[in-house]
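Undergrad: Sequence:
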Amino acid sequence: MIVPLSDARLPSTFSLSSGSLSDISCLKSITDSLEDPLKIITPSWTFDNLTESSICGYVGVTCSNTFGRVRGIELANKGLRGGVP
Numbered sequence: 001m002i003v004p005l006s007d008a009r010l011p012s013t014f015s016l017s018s019g020s021l022s023d024i025s026c027l028k029s030i031t032d033s034l035e036d037p038l039k040i041i042t043p044s045w046t047f048d049n050l051t052e053s054s055i056c057g058y059v060g061v062t063c064s065n066t067f068g069r070v071r072g073i074e075l076a077n078k079g080l081r082g083g084v085p
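At position 57 of the sequence shown (counting the first as 1) the number is 57 in the UniProt record's numbering, and the numbers step up by one without a gap.
In silico EDC-like cross-links for lysine to aspartate or glutamate, where the CA-CA straight-line distance does not exceed 20 Å: (1) Lys-39 / Glu-74; (2) Lys-28 / Asp-48; (3) Lys-78 / Asp-36; (4) Lys-78 / Asp-32; (5) Lys-28 / Glu-74; (6) Lys-78 / Glu-35.
These aren't lab readings, by the way, just hints derived from the structure by calculation.
Taking the hints into account, I'd like the entire structure generated from these sequences.
TA: What follows is the structure, encoded as structure tokens:
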């Protein structure tokens with residue numbers, strides 16, 4: 001499930017490829033559906049001041065070196081609660 005980001009969540013000068021926006025939307029929907037009581041992912045999974053490659057630095061996220069798109073998400077053993085949409 002992909003939840004579109006509202007314009008209010010993005011800076012007015014925000015400019016990313018549609019693929020990156022899709023990845024960001026997906027990651028945002030994941031964080032919205034999970035609790036992170038140990039604060040393992042939430043410090044790095046921020047959605048302010050995004051750049052083309054910033055999501056590739058998120059804990060548990062791996063990206064394609066060629067395209068900079070999310071290639072995988074590994075969230076096991078991080079103490080998270082909830083489900084992935």
